[in-house]
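Quick mapping for you: the protein sequence lines, in order, are chains G, Z and F. First residue of the first sequence? That's 1 in our numbering, and the numbers climb one at a time after it. First residue of the second sequence? That's 1 in our numbering, and the numbers climb one at a time after it. First residue of the third sequence? That's 1 in our numbering, and the numbers climb one at a time after it.
Just so you know, the hints here were simulated from the structure itself, not pulled from any lab data. A hint or two may mislead.
Note: identical chains are not told apart, hence a pair may lie in one copy or across any two.
[As the list claims (entries may be wrong)] Below, computed lysine-lysine pairings styled on DSS-like, alpha-carbon distance capped at 25 Å:
hint : residue 1 : residue 2
1    : Lys-309   : Lys-319
2    : Lys-309   : Lys-199
3    : Lys-329   : Lys-227
4    : Lys-227   : Lys-250
5    : Lys-48    : Lys-227
6    : Lys-199   : Lys-48
7    : Lys-329   : Lys-319
8    : Lys-199   : Lys-250
9    : Lys-250   : Lys-335
10   : Lys-309   : Lys-48
This structure is a prediction, so every number in the text was calculated from the model and none was measured.
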Amino acid sequence: MAAALTLSELACLVGGDIVRAGPCDLITGVAALDSATTADVSFFGNDKYWNQFLATAAGVVIVGRNESGGPEATGLVAADNPSLAFAAVVGHFAATRAAITPGIHPGAWVDAAASINPARSQVHAGAVVMAGARIGDDSEIGPNCVIGEYAVIGNGCRIMANATIRERCVLGNRVFIQPGAVIGSDGYGYELVDGRHQKIDQVGIVEIGDDAEIGANTTIDRARFGKTIIGEGSKIDNLVQIAHNVVIGKHSLIVSQTGISGSARLGDYVIAGGQVGIAGHVNIGDRATMAARTGVTTDLAGDTVYAGKPAQPLRDDLKLQAMVRRLPKLIERVKALEAARDAGQAT
Amino acid sequence: MAAALTLSELACLVGGDIVRAGPCDLITGVAALDSATTADVSFFGNDKYWNQFLATAAGVVIVGRNESGGPEATGLVAADNPSLAFAAVVGHFAATRAAITPGIHPGAWVDAAASINPARSQVHAGAVVMAGARIGDDSEIGPNCVIGEYAVIGNGCRIMANATIRERCVLGNRVFIQPGAVIGSDGYGYELVDGRHQKIDQVGIVEIGDDAEIGANTTIDRARFGKTIIGEGSKIDNLVQIAHNVVIGKHSLIVSQTGISGSARLGDYVIAGGQVGIAGHVNIGDRATMAARTGVTTDLAGDTVYAGKPAQPLRDDLKLQAMVRRLPKLIERVKALEAARDAGQAT
Amino acid sequence: MAAALTLSELACLVGGDIVRAGPCDLITGVAALDSATTADVSFFGNDKYWNQFLATAAGVVIVGRNESGGPEATGLVAADNPSLAFAAVVGHFAATRAAITPGIHPGAWVDAAASINPARSQVHAGAVVMAGARIGDDSEIGPNCVIGEYAVIGNGCRIMANATIRERCVLGNRVFIQPGAVIGSDGYGYELVDGRHQKIDQVGIVEIGDDAEIGANTTIDRARFGKTIIGEGSKIDNLVQIAHNVVIGKHSLIVSQTGISGSARLGDYVIAGGQVGIAGHVNIGDRATMAARTGVTTDLAGDTVYAGKPAQPLRDDLKLQAMVRRLPKLIERVKALEAARDAGQAT
Numbered sequence: 001m002a003a004a005l006t007l008s009e010l011a012c013l014v015g016g017d018i019v020r021a022g023p024c025d026l027i028t029g030v031a032a033l034d035s036a037t038t039a040d041v042s043f044f045g046n047d048k049y050w051n052q053f054l055a056t057a058a059g060v061v062i063v064g065r066n067e068s069g070g071p072e073a074t075g076l077v078a079a080d081n082p083s084l085a086f087a088a089v090v091g092h093f094a095a096t097r098a099a100i101t102p103g104i105h106p107g108a109w110v111d112a113a114a115s116i117n118p119a120r121s122q123v124h125a126g127a128v129v130m131a132g133a134r135i136g137d138d139s140e141i142g143p144n145c146v147i148g149e150y151a152v153i154g155n156g157c158r159i160m161a162n163a164t165i166r167e168r169c170v171l172g173n174r175v176f177i178q179p180g181a182v183i184g185s186d187g188y189g190y191e192l193v194d195g196r197h198q199k200i201d202q203v204g205i206v207e208i209g210d211d212a213e214i215g216a217n218t219t220i221d222r223a224r225f226g227k228t229i230i231g232e233g234s235k236i237d238n239l240v241q242i243a244h245n246v247v248i249g250k251h252s253l254i255v256s257q258t259g260i261s262g263s264a265r266l267g268d269y270v271i272a273g274g275q276v277g278i279a280g281h282v283n284i285g286d287r288a289t290m291a292a293r294t295g296v297t298t299d300l301a302g303d304t305v306y307a308g309k310p311a312q313p314l315r316d317d318l319k320l321q322a323m324v325r326r327l328p329k330l331i332e333r334v335k336a337l338e339a340a341r342d343a344g345q346a347t
Numbered sequence: 001m002a003a004a005l006t007l008s009e010l011a012c013l014v015g016g017d018i019v020r021a022g023p024c025d026l027i028t029g030v031a032a033l034d035s036a037t038t039a040d041v042s043f044f045g046n047d048k049y050w051n052q053f054l055a056t057a058a059g060v061v062i063v064g065r066n067e068s069g070g071p072e073a074t075g076l077v078a079a080d081n082p083s084l085a086f087a088a089v090v091g092h093f094a095a096t097r098a099a100i101t102p103g104i105h106p107g108a109w110v111d112a113a114a115s116i117n118p119a120r121s122q123v124h125a126g127a128v129v130m131a132g133a134r135i136g137d138d139s140e141i142g143p144n145c146v147i148g149e150y151a152v153i154g155n156g157c158r159i160m161a162n163a164t165i166r167e168r169c170v171l172g173n174r175v176f177i178q179p180g181a182v183i184g185s186d187g188y189g190y191e192l193v194d195g196r197h198q199k200i201d202q203v204g205i206v207e208i209g210d211d212a213e214i215g216a217n218t219t220i221d222r223a224r225f226g227k228t229i230i231g232e233g234s235k236i237d238n239l240v241q242i243a244h245n246v247v248i249g250k251h252s253l254i255v256s257q258t259g260i261s262g263s264a265r266l267g268d269y270v271i272a273g274g275q276v277g278i279a280g281h282v283n284i285g286d287r288a289t290m291a292a293r294t295g296v297t298t299d300l301a302g303d304t305v306y307a308g309k310p311a312q313p314l315r316d317d318l319k320l321q322a323m324v325r326r327l328p329k330l331i332e333r334v335k336a337l338e339a340a341r342d343a344g345q346a347t
Numbered sequence: 001m002a003a004a005l006t007l008s009e010l011a012c013l014v015g016g017d018i019v020r021a022g023p024c025d026l027i028t029g030v031a032a033l034d035s036a037t038t039a040d041v042s043f044f045g046n047d048k049y050w051n052q053f054l055a056t057a058a059g060v061v062i063v064g065r066n067e068s069g070g071p072e073a074t075g076l077v078a079a080d081n082p083s084l085a086f087a088a089v090v091g092h093f094a095a096t097r098a099a100i101t102p103g104i105h106p107g108a109w110v111d112a113a114a115s116i117n118p119a120r121s122q123v124h125a126g127a128v129v130m131a132g133a134r135i136g137d138d139s140e141i142g143p144n145c146v147i148g149e150y151a152v153i154g155n156g157c158r159i160m161a162n163a164t165i166r167e168r169c170v171l172g173n174r175v176f177i178q179p180g181a182v183i184g185s186d187g188y189g190y191e192l193v194d195g196r197h198q199k200i201d202q203v204g205i206v207e208i209g210d211d212a213e214i215g216a217n218t219t220i221d222r223a224r225f226g227k228t229i230i231g232e233g234s235k236i237d238n239l240v241q242i243a244h245n246v247v248i249g250k251h252s253l254i255v256s257q258t259g260i261s262g263s264a265r266l267g268d269y270v271i272a273g274g275q276v277g278i279a280g281h282v283n284i285g286d287r288a289t290m291a292a293r294t295g296v297t298t299d300l301a302g303d304t305v306y307a308g309k310p311a312q313p314l315r316d317d318l319k320l321q322a323m324v325r326r327l328p329k330l331i332e333r334v335k336a337l338e339a340a341r342d343a344g345q346a347t
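Turn these sequences into a full structure, and let the hints steer you where they fit.
The following block contains the structure:
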């Protein structure tokens, strides 16, 4: 753990201002509002946690620029973005991205025809690096990973435990692959010939841009031919399925359990909420956002928030859902109309 | 396989009563109604299988207390809960939870700075146990598992093949982790800074209580800070996503492909059916049950069954769905009203 | 890469006819319409790509029998099924299913009590083959795979990196298991006894027929007793959940992220689109097709296309969805009727 911080050092670290001092001169750790002690710093960035804020025992809380309330005994530091400021403190204390310890573990199997500088990168026990694979500098190949033949891993990458990078796939620099992810599985392609599904060879690759992150147990299929592409800076959550020949632009966010069918193209800064489904061959414009569970079957223009199945602008979907919920009343109104009609006919 | 059972031994084992004897003195195995032979015991616990019951060739069938019918040549043993009684017989014959064979396989890599008693626990080939990890007694670390630095595994745990327990995560006693599960992956947290998603360090852990079970290829993210918690006795199915800082209480059931977003809190004895989606930061009360595919976006009170998206009490959702299905008729009724109105206006 | 092809050789290989010659005598590779060069062959099989076809720089394009247009400088070969024809060319060039190199890697752990002919099959580094397992000829056990005790792998199988085949499961011939898949995980079965979920032993197996394919990180649970069955020639996509005692017939297709609950039975040539959910104990007839996200809670007859939740014939679901979208207009019509009634009453 890194050195303790005084209140001034803390404010300086996060680019914030001291609103008031707290009970402790030194902050030695980070914690959530409801589990912090007087030696911890916490943060309050979401009104939902107002009661936790009032009840916290934290020594210091990082708050937004307009906040000066909260428990009187607690120190406050105001910052533009309390969540981001807190992240800086977390980084200070935890140093989670510990520097790697270069070298190849005796329990790793690195093929003689693979390329890696053992003075610059680290291969953990049980990892298998196959012939022709190339590993850049400052990269870490986790325990029991498999790096396939002629795969290329850039500089500063972290491939975590039990992940699989299949043959010829290409990762840029600072790519982070979480445990169990599979990069370059065969795409799902068959032709029905005489009553049997004949496999269509999937000879393309997956190409992942710089600074992208791939979640745990996520699967990304290689292209039938050509490339399945994850653009620079895009972040893919856990258990996402990305089919063959999909292209995802730069800085897009794909949340957990979303499925993207073959050859769909997503632009830059696209956001797909959890459990979204996207049909094959559709185009989704830059900065389009899909709410959780949106079902996309046609092209979507960018710069718009969508929801529902089939996807429509969020506003329209909300209206439609409200109308559906009013169906019981609508049925009552139709009944009343029928009664009036029948009464009218009876006279 | 364990010793054969006489009919009396069988009845005794399951706490049941012999309704009538069958064709065989000795039962040597277990099987489903439709694949059993005269040397097998089967069970009938669901009316759906009545026809299979009538046609079974099983020597003995375990039935409910009120059942005395079925095929005349088949022995019957009546028990309070045929399914549970059958489970006892399965346990007798199969001894699936075979005692472990303590020792560290020569193909395992256990760091010198890890703590494990090789006379009390077993580490299989290819498993990697990293520095600082502690493994309790009577535990089994499966082939090609990875146990990260300073992770803690309690007593009597089974960590199956290719599972990953990342650094510092803590498992209680008798925890069962199925193959490919990932415990302690980084939470999905970023801040957009100058057009790039800057990673927020995820420095917390996952804590799993006694007797919990985690399904195959399920992913549980570590907390941003603090703990993601799976309570004692809770059972998580396959391919479930549990995001950072989620808290699940005791004895809850989370069925396959459900996704739970960050910081959601579920109480005790909660049940989430398959493919449920739960938004971040919501609270779900004790004994709440969510039907398959329920979409939860707000807090839910306990002791209630929910369904639909957005979630509402099952009863209301069923009514609403029925009304939606009656829309064609409603449209006809409105047409008829319009015709009557138009006829009225014409006169 | 295989030898280059002349235009005649290409036409011969795919059983097609030369419509016109292109700029190159020799074709040396395959590529998509939008990334091909004059030395590549591409294909045009979907009108959606008409603009890409017009703009392609490919030397030759394989087209359908009626096509003779497209860019004038580009060679054309007409075939009955351009996609399938292209697959043949891909196979020629890529030879992705490279012949295995028999032998057991020194970094693999094959138990002395396992059965495999090292002159006929290949075991990669880090793979663990446990006691009693039997591996057929011409099979490949990928790096860091785990083959459990008494598991049976047929001839010509490919088990890819980090996959797990648990004890006693049986695979036929030419079965293809993608990376990270888990075959034979414990089914999800508990009985609530005195407030705790007591595990029901899952002592059955998984049996997979000849020529079946299982996708990356897909999970297939072993039967409680008896067998979970994947029929011959069926193809399962990535991240699919198949619960205990499910039976899937022959030549069925189960697309990504679909979940099939316990004891459901699917016939032959069934198709489940992506993210479908199927409840337990239902029967689905031969050649039934379920559109993406269909929710199945009751038996479904075969030879029908279904959609929606609950599932109904696609045609009915489309009608119902159209009616839901017309709700705003319906509400307007009811308002107009009410206004007419009120006006009538006022007079």
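Of the numbered hints stated earlier in the document, which are not met by this structure? 2, 3 and 9
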